[in-house]
Structures are given as C-alpha cells and as structure tokens.
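Protein chains in written order, with our numbering: chain A, 35 to 275; chain B, 8 to 235.
Hints are not guaranteed to be accurate.
As the list claims (entries may be wrong) - Derived DEER-like restraints, expressed as beta-carbon distance ranges:
| no. | chain 1 | residue 1 | chain 2 | residue 2 | range |
| --- | --- | --- | --- | --- | --- |
| 1 | B | 226 | A | 275 | 38 to 46 Å |
| 2 | A | 269 | B | 129 | 47 to 55 Å |
| 3 | A | 193 | B | 129 | 39 to 47 Å |
| 4 | A | 71 | B | 120 | 49 to 57 Å |
Claimed, not checked - Computed footprint of chain B on chain A; a stretch qualifies when at least three of its residues, placed anywhere within it, have a C-beta under 8 Å from a C-beta of chain B:
| no. | region |
| --- | --- |
| 5 | 35-46 |
| 6 | 56-70 |
| 7 | 123-133 |
| 8 | 261-275 |
Source of the hints: derived by calculation from the structure; they are not laboratory data. The structure presented is a predicted model; accordingly, all values stated were derived computationally and were not measured. From the three backbone atoms N, C-alpha and C, an ideal C-beta is built for every residue, glycine too.
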Amino acid sequence: MIHPRRTIQAIVFRDWISMTRSPVLWVATSGISAIVGLIFCLIVNATHQSDALSIMEAIIGFILMILVPALASKPIIDDRQIGLEEVVFASSMPTSIWVIARWISGMVATTLVLAATLGIVVAVGWFGNPDLGKIVTAYLGWIAMGSAFAAIGIWAAVIGRGAIGSSLVSLGVILCLWLLAPLSVLTSGRFSELLRETSVVHHTYGFEQGVVVGSDILYFVVLTIVFIGMTIIILNARRLE
Amino acid sequence: MLTVESVSVSMGDRRIIDDVSFSVEKGTLIALLGPNGAGKTTVLRTLAGILTPTIGTIAWDGNSMASMGRDWYRLIGYSPDRSPVVPEMTVLEYLHFIAEIKGAPSQENGVKDLIDAMSLSEVQTTRCGLLSHGFRQRVSVAQAFLSNADIILLDEPTQGLDPEQVVRLRHYLASAISDRVIVVSSHHISELAQVASRYIIMGGGKIQSMGDVTAKLEADYLTVVGRR
C-alpha cells in the first residue's frame, strides 16, 4: 500500500542524495553566491546603496529564472536517462505523488541556492543600514517565484526529451511570462490589463518594494498549481488509469 | 494465469509487435528469446503497462489490464534492460527507495533477504555508481522482486554477468517462481534453458515459435534466427 507522505519523503531523499553527493548543488550555490556577490560589489562601488540592493534583487530574479527550472528538471531527466523512470511508472504509485515530490525537491534546491546569497545580506547589514523588511519580502518573492519556476521546470522536463530541450522550453515559457509586461504597454484596454496581470514582472514589484500583496502570492500559487496540474495530466495520459 | 491475446503495439505507422498471443500458468518461468530487435523488450514493456496495446488484451486471472487500470501495476515487478540504479545511492538506500515507491515499506526484512539471496551483502553500503555491471544488474533484478509482485518481468538480466553470476541468478529465479509468472528475455538460450519451463521465440515483432522447453529448443531458435 502506498503511503503518500513516506513515498514523497523517499523521492525527496533520493533527489537530495543525488544533489548533495554530486557536484551539481554545490556548483550552483557557490556559483550563484560568487556571481551575485561580485556583481553586488561592482554596483556598490558605482551607485548608491539603495540602488545596489534593487539591482541585486533583479539579478537574483534573473538567475533564478535560469537556475530553478534546471535544478527542478535535473532529477527527472536523470531518471529517464538511467531507466529509473520505467521502474517508477511501472509501480502503483499515483502520478500526483511523484510530481509533488519532484516539486518539493525543486523547492529544497531553490531554498538552498537562495540561502547561499544570505552572506551578501549579512555583509550589507555589517557595513550599512539596509531596510530589513524589504530584504525579507524580497526573499519571500523569490521563494514564491521559485515555486512557480520549479513547477515550470518539471513540466518542461516531462514534455521535453533531453536536458537542453527542457531548459529551452522552460526558459521560453518564463521569458514569455516576463515579457508580457512590456507588451502590455504597447496595447490598450482590457487586453493590456490582462497582459500586465499575467506577467511575472508585475507580481514581483510589490515584493521588491517591501510590500506583500495577496494577489501577488496568489499569482505564483496559481502558476504553480497550473503547471503541476498539467504535468500530472500529461503523465497520467501515458500511464494506465 | 497471464493471458495475452492478439496484442499489437504500434508507434506512429510502425508496428513494433504484431498479433502476439500466449498464456502462462502461475508458477511458470517463461523465456522470451530472439535476436536484437525481435520485439522482446516491447512485449515486456507492454506487459509492464509502460506501453499500451494498440489492439488486443492482456489479463491476469481473467481481469484485463484495461479494466484494472493503475491496479495492474501492483502485479508487476519490472527490471528494464538498462540497470536503472541511482549512481549516488548505496545499494541499501536504493532498494529501500524502490520499496517505498512500490508501497512495500513494511518489507524491511524483504530487502535484507533479497540482498542475501542476490549475494549483494558485500556491496550493500557501496554507491551504485561504483558497482561493476554485474552487481548493478543484480541490484536491478532484486528491485523487481521487492513488492512480492505476481508478474516478474526481467529484460536481459544475464547481460554482463559472469558465468558464476548467471548460475546464481538461475538458482534464485528457480527458488523465486512459487506461484508467480516470471518472464525473462534473453538472446542467449543456453542461459535460460535450464531454468525456464516454457519458451517463446520472437522475430520481426511476431511470435515465431513457442512451447515447452525441450532438447529441440536450440534447433528451433537457430531455425528462426537463420530464417531472418
């Protein structure tokens, strides 16, 4: 008999082991902290401190856009390459458990990558007087964004074949969601409003300004549910139901 | 009893297996033989519920795969031709992981028994990625038996095993038959002739010959391969 909690734990543990016993996660976390730290130092030297924090937030958002889907899709692509996917899908485990477990694994990786940037926050706090409220909401926003991007990464891994194809698909979808805001400026009326409301940029602005708006959280929750739901539907269509 | 009736599987316009029919009583190990590309793996993947028959029915004790839906998977223990082990996990971690996925977490002793039966004790704390091909193959076969499945499907389980390991695997399979159906594919008849009671020879996606394992199996096989 399948125990959903135990099965999810087992899958997340398997992904955790694969991430931590291979260089993937360590390269990702040290890479992001090094890149963000370097860019941050350069910006601090060239601009005002408050501008530096805003620019850094935008850079982290951009890096998450590439990194989170890649980290979330990696275990799925690995399973396919080693043939484990066939063993898993020839078991009676419900597809939804598998997808949710993979999303949780993606969120664990996202949280660790974000934790790696906390050193910069500590450094800023040491040398200056940053608005801690703004920083906390920025991290909340990144976690919300990471949740949606992880779901998009999983969906892309399921519909794509290889790692490169899946990365391109997820990047394409996220870029589209990103570019809806500038497109909304070019249009008018209700359509413009719709484009703006569906854009990622529109829903990250509040977090960057230190404001947590319910509709922004709801946007990322809906995005996560939609992509997790689509992944479950696609996989169920490939299995006996 | 496992019944396969007029099963065909197509991918696009191509028919991978065509009009495959056979039935197997419980307590039987059946050897699925044939050269590369004969359709053995497709038959196993279809029985595992990974591929859906385009035409035909598959049933266990009269209950069809289509009507059982996801419950069909409860019957299945499947080991694909590639040993699907997670390189970063130890053998023990991997087998516990598969046990959880198959909903057999209470079978901790089952994992231990399998480790002993498959002679994996010495490598149980070794990462799968560091194992030789033979050990990986044994881990892969072990995971197929984890949930006490009724239908065990082993795709080329002797591939890469040395002669001693082949003998050990044969002994294990002989002891594990019980009231199961075990379907083992191979293109080496000599490896399975001693343990299988029935055989199917495939070629070009069709069944070319089948029957009880007798001395004429080898001659039958050579005739089929020769025809191709």
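Which of the numbered hints are not met once you compare them with the structure shown? 2, 6
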